[in-house]
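There are 2 protein chains.
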Amino acid sequence: MTSFPHDEVLDQLRWRYAVKKFDTSRKIPADAWVKLEEALILSPSSYGLQPWKFFVVNDRGIREKLLPHSWGQRQIVDASHLVVFAVKADVGPADAERLVARSAEVRGIHPSVLDTYKNMMIGSLTRQTPEHVREWMTRQVFIAHGVFLTTAAMMGIDACPMEGFVAAQYDEILGLPAKGYRAVVIATAGYRAVDDANATLAKVRFRKSEIIETI
Amino acid sequence: MTSFPHDEVLDQLRWRYAVKKFDTSRKIPADAWVKLEEALILSPSSYGLQPWKFFVVNDRGIREKLLPHSWGQRQIVDASHLVVFAVKADVGPADAERLVARSAEVRGIHPSVLDTYKNMMIGSLTRQTPEHVREWMTRQVFIAHGVFLTTAAMMGIDACPMEGFVAAQYDEILGLPAKGYRAVVIATAGYRAVDDANATLAKVRFRKSEIIETI
Numbered sequence: 000m001t002s003f004p005h006d007e008v009l010d011q012l013r014w015r016y017a018v019k020k021f022d023t024s025r026k027i028p029a030d031a032w033v034k035l036e037e038a039l040i041l042s043p044s045s046y047g048l049q050p051w052k053f054f055v056v057n058d059r060g061i062r063e064k065l066l067p068h069s070w071g072q073r074q075i076v077d078a079s080h081l082v083v084f085a086v087k088a089d090v091g092p093a094d095a096e097r098l099v100a101r102s103a104e105v106r107g108i109h110p111s112v113l114d115t116y117k118n119m120m121i122g123s124l125t126r127q128t129p130e131h132v133r134e135w136m137t138r139q140v141f142i143a144h145g146v147f148l149t150t151a152a153m154m155g156i157d158a159c160p161m162e163g164f165v166a167a168q169y170d171e172i173l174g175l176p177a178k179g180y181r182a183v184v185i186a187t188a189g190y191r192a193v194d195d196a197n198a199t200l201a202k203v204r205f206r207k208s209e210i211i212e213t214i
Numbered sequence: 000m001t002s003f004p005h006d007e008v009l010d011q012l013r014w015r016y017a018v019k020k021f022d023t024s025r026k027i028p029a030d031a032w033v034k035l036e037e038a039l040i041l042s043p044s045s046y047g048l049q050p051w052k053f054f055v056v057n058d059r060g061i062r063e064k065l066l067p068h069s070w071g072q073r074q075i076v077d078a079s080h081l082v083v084f085a086v087k088a089d090v091g092p093a094d095a096e097r098l099v100a101r102s103a104e105v106r107g108i109h110p111s112v113l114d115t116y117k118n119m120m121i122g123s124l125t126r127q128t129p130e131h132v133r134e135w136m137t138r139q140v141f142i143a144h145g146v147f148l149t150t151a152a153m154m155g156i157d158a159c160p161m162e163g164f165v166a167a168q169y170d171e172i173l174g175l176p177a178k179g180y181r182a183v184v185i186a187t188a189g190y191r192a193v194d195d196a197n198a199t200l201a202k203v204r205f206r207k208s209e210i211i212e213t214i
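Quick mapping for you: the protein sequence lines, in order, are chains A and B. If you use numbering that gives the first Met the number 0, the first sequence corresponds to residues 0 to 214, in order. If you use numbering that gives the first Met the number 0, the second sequence corresponds to residues 0 to 214, in order.
Here chain A stands alone, though its shape is the one from the complex:
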């Protein structure tokens, strides 16, 4: 397995930033988008539970409806793509069963081989309060968010992570509760406008000594 030159990987991370103004004339090519979706699918999660669904909102009318619930941030309508990262509601033993069934199918083994794994998952999911499980699962969605942003950067695709939106309104407009999901974070993706002032701002990070501590 090859990998990428480390300096070039860092260059891509430095190149990325939270795009404020997208080039409205540029769309992410379909074949590139399919690969970004694949990155989302490949995201790791606790126990491999994948307690999420990624809603890709291409409908322009719906994006216009979401705009006023997004602090008016134009990326919602101007970006090539909008992804709403949603967490599965009420994750419980049935989800462990579903994952084990899928694992057995993918690996060509009998589900009973995975009984220990299944029982461990069910224990973790039922030992804690529903609120705790909900937050535990929500955190997983943020791993996928990090995977998405990093992968996009590696692919040379711009993105903007966004938490400034009214989740309850997104849920209602997209009908997520009826589907069993709740919106937790969003990302817009596409290509930066040549005149996006944010593109040239120096990236602000605290000093390494404040962020990393070696023990």
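The hints are simulated quantities; they were obtained by calculation from the structure and are not laboratory data. Possibly wrong hints are sitting among the right ones.
[Unchecked claim] Just a few of them, taken from the derived set where beta-carbon distance is under 7 Å, the chain A residues facing chain B:
# : residue
1 : V56
2 : E134
3 : I142
4 : M154
5 : A201
Don't be surprised by glycine CBs; every beta carbon is placed ideally from N, CA and C.
Please build the complex by placing chain B on the supplied structure of chain A, with the hints as guidance.
Okay, now just chain B, sitting in the frame of chain A:
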């Protein structure tokens, strides 16, 4: 700006997996590790608040002490590196002030230019309950987790994301509360052992139709 061939980026994501058994004889070279730390520093966060610290535990004695609080998972001591992703406790207005001061310094502007931004942050941080702010900040740490895992994969470095550990014990052993942090998730990194059975298992993901929905 160049970027990487999309198929090769996906290859790296498929290559990665949660390493069960690390090669104890292989260390991540210092120059590569510095770049992975840089990726952590570059991770995006809500408002750019960076409400985190990443504790890199190199002390073998401490790692032995952490092992019994990690469900006995040998990666804790066998991996080349162990990172404890911690969230800053009690994030509030002072953190907004600190970020604005740092932004002004990095960008060579007067802090007052950023008053609107500062007041927006302070509003968000004080309008909500401390519990809500704590969880909001904790979620950010998971973005950094996703960035770390993805960047490691791009660099050809193996890793294992781990939530199976007793955070309170980690906090105590590492003295995190006194430093103003709490452990939320960990990652071990290094190189897979040639006989790690997990390396050859088929990756289990639900069908695309269950994970992605286009609207």
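Tell me, which hint numbers fail for this structure? As far as the earlier hints go, not one is violated by this structure.
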